[in-house]
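2 protein chains.
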Amino acid sequence: MKKPLILIANDDGITAPGVHRLIDFIHDLGEIVCLCPDSPRSGGSMALTVNGALRVKDCGEYMGARMYSTNGTPTDCVKLAWHTVLLDRKPDLVVTGINHGSNAAINVLYSGTMGAAQEGCAFGVPSVGFSLTDHSMRADFSACRPFVRAIVSGMLSHGMPEGICLNVNIPDSVQPPVCMRLVRACRGNWSDEYKQYTDPAGHAFYMLAGALINAEPDSTDTDLHVLSQGEVSVVPVRLDRTADDATAPRELQWLAELCKETFSHE
Amino acid sequence: MKKPLILIANDDGITAPGVHRLIDFIHDLGEIVCLCPDSPRSGGSMALTVNGALRVKDCGEYMGARMYSTNGTPTDCVKLAWHTVLLDRKPDLVVTGINHGSNAAINVLYSGTMGAAQEGCAFGVPSVGFSLTDHSMRADFSACRPFVRAIVSGMLSHGMPEGICLNVNIPDSVQPPVCMRLVRACRGNWSDEYKQYTDPAGHAFYMLAGALINAEPDSTDTDLHVLSQGEVSVVPVRLDRTADDATAPRELQWLAELCKETFSHE
Chain A
882 MKKPLILIAN
892 DDGITAPGVH
902 RLIDFIHDLG
912 EIVCLCPDSP
922 RSGGSMALTV
932 NGALRVKDCG
942 EYMGARMYST
952 NGTPTDCVKL
962 AWHTVLLDRK
972 PDLVVTGINH
982 GSNAAINVLY
992 SGTMGAAQEG
1002 CAFGVPSVGF
1012 SLTDHSMRAD
1022 FSACRPFVRA
1032 IVSGMLSHGM
1042 PEGICLNVNI
1052 PDSVQPPVCM
1062 RLVRACRGNW
1072 SDEYKQYTDP
1082 AGHAFYMLAG
1092 ALINAEPDST
1102 DTDLHVLSQG
1112 EVSVVPVRLD
1122 RTADDATAPR
1132 ELQWLAELCK
1142 ETFSHE
Chain B
882 MKKPLILIAN
892 DDGITAPGVH
902 RLIDFIHDLG
912 EIVCLCPDSP
922 RSGGSMALTV
932 NGALRVKDCG
942 EYMGARMYST
952 NGTPTDCVKL
962 AWHTVLLDRK
972 PDLVVTGINH
982 GSNAAINVLY
992 SGTMGAAQEG
1002 CAFGVPSVGF
1012 SLTDHSMRAD
1022 FSACRPFVRA
1032 IVSGMLSHGM
1042 PEGICLNVNI
1052 PDSVQPPVCM
1062 RLVRACRGNW
1072 SDEYKQYTDP
1082 AGHAFYMLAG
1092 ALINAEPDST
1102 DTDLHVLSQG
1112 EVSVVPVRLD
1122 RTADDATAPR
1132 ELQWLAELCK
1142 ETFSHE
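Protein sequences, first through last, are from chains A and B.
Take 882 as the starting number for the first sequence in the working numbering and just add one per residue.
Take 882 as the starting number for the second sequence in the working numbering and just add one per residue.
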C-alpha cells in the first residue's frame, strides 16, 4: 500500500524555518511534496496569479520530502503542485505552515497560509494550516510538534467534513501548551494605522502598522482567549462564503423587496 | 447636511472602464472618493501589502469624484483611503467594481473586487461589490445601471447587517436583465489546467487556464443558475470564516476527543 501523499505549502517562502520544522515533525507520516513561494508572501490571502508566467524550481530533498519553489502565491502553490507534474495522484492531505506569526481572529482573512489550506479544501482534500504566534525567523517551533502530529494523524485517519478546513494556532508561551481547544475566530479588527514616510525625492509613502484589537475580550470560546491562556486554538474554517441565514433576514427586507421588482432600462 | 461619503475601489485598476461607469451611475448619490490599484490586480482576493512601501497618486477628478491610484492591492485601497488623509470621516458606503468578469460561485474566494468589499465590511461599513460577466475591457456596462443605483440607494437608506456584504453579478446577456434574485453562491471548482510553455532558454513555465465547473447544475437557488437565466444575482457574503455548526459535528468527533487530551513534550 502506498503511503499517504501529503502536499505542503506556506506563505513565508521555501527557506523559512517553519516549513522545515513542519517536515521534521511529520516526515514519517507520508510521502511529502513541498511547494512554497520563492519569497515571503505574508498577507497573500487566496490571491492567485491570473495572467502571469509561473515557474517551478526543483530545490532538492529535505528529510525525504521533495522540495520545490515557485514565483507564485501560496494558493498558486496548491493549484500548481496538483495540476502540473509534481503530483502523480490527488493528495490525501494539504498541510500549510508552520506560519511565522498568528493567524488567529481576523488574520484568517488575510493569511496566505490559510489561503493555501482553503485551496486544498476547495478541491475536497482534508486541509489544515498551522501557525505559531511568533513572527520571528528565529522562532522556536518545538512546542508545535505533538499538536501537529496529532492533528495530521487524525486527519489522515478520519478525514474532514466537506468544505471545512482547520486553522490551528500554537501560542508562543514560556510554558509549552499541553492542550488544545475547538473554538471560533474572535471578532476584532486591526487598528490599521499607516506610518507615513518621505522618500529622498520628497514624496510620501506609507507602511502598514497597527495592532489587533480584540472586540470581545470577555468571551472565553474564542481563539484569542485560549491562546492567551497558553492553549492551542483549533478553528474549523468554512469555505462557503454565503451568509445562509441572511438570505432573507429582517434587516435585508428592503433587498428582498427589490428582488420582486421589474427594472427598466431607459 | 453632508452628502453620504462613498468610497470606491476595484481590482481592474484606475484606468478600467468599469470603475468609470460605476461613477457615472452613482455620482449624484454622494460625495465620492475613488482609490484603485495602478494596474490590474484580478485574483487579488484579500491580499494586503505587509512590508512594502505604499504610494498614493492623485489622479484628478472624474464626474466630481476625487480619483487616486496606489501600487497596493484592492484591500490596501480600502485600508489606505480610510486610514490616511484621503477621507475626512468614516465612509457611509464602500462600493467596489464594476468588475470586468464574473465573481459568482467560487470566484468570490479569489476576487479582489470582493476582497475590497469585505475589507469595508470588516470595519462595519455597508459594502457591496458589483461585477459584469464579461471580462473584456470593451464590455458594455449600461445594463448594470438600474441595479447599481437601486442597491446603492437601498444600502444608503437601510444599511446592512453586521458582518455581511453583498456580491452582485450582472449577466452580460443579449436582453438586459430586468430583475434580480437573492441567492447563494453555487458550488463548483475551476478545472485549473495549466498550459505549459517553454521559454527561449528551454525552461518550462505555466499559465493558469481551465473552466468553472458547476457542481450543482440542477439547483435553481444559486448565482450561476439565475445568471444563466439572464437575471442579476445578489449573494450575501459572510465575513466570519468560522464554521459555526461544525465546532462539534459528528465528523469532527475525533478532534473533539483530541481536545480533551493532555499532550506532553518529550
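I should point out that these hints are in silico values taken from the structure, not numbers from a laboratory.
Hints may contain errors.
The list treats identical chains as one, so a pair stands whether inside a single copy or across any two.
Unchecked claim - Calculated pairs, EDC-like style, for lysine to aspartate or glutamate (alpha carbon to alpha carbon, straight line, at most 16 Å):
no., residue 1, residue 2
1, 1141, 969
2, 971, 912
3, 1141, 1097
4, 884, 973
5, 883, 969
One pair to classify: residue 971 and residue 912, alpha carbons no more than 16 Å apart. Within, between, both, or neither?
within (12 Å within a copy, 51 Å between copies)
How would you classify residue 883 and residue 969 at a CA-CA limit of 16 Å: within, between, both, or neither?
within (12 Å within a copy, 62 Å between copies)
Are the CA atoms of residue 1141 and residue 1097 at most 16 Å apart within a copy, between copies, both, or neither?
Answer is neither: 38 Å inside a copy and 25 Å across each miss the 16 Å cutoff.
Please sort residue 1141 with residue 969 into within, between, both or neither, judging by C-alpha distance up to 16 Å.
Result: close neither inside a copy nor across copies, 50 Å intra and 37 Å inter.
With identical chains treated as interchangeable, where does the CA-CA distance between residue 884 and residue 973 reach 16 Å or less: within a copy, between copies, both, or neither?
Answer is within: at 10 Å inside a copy they meet the 16 Å cutoff, but 55 Å across does not.
The structure is inconsistent with the numbered hints 1, 3, although it conforms to all the rest.
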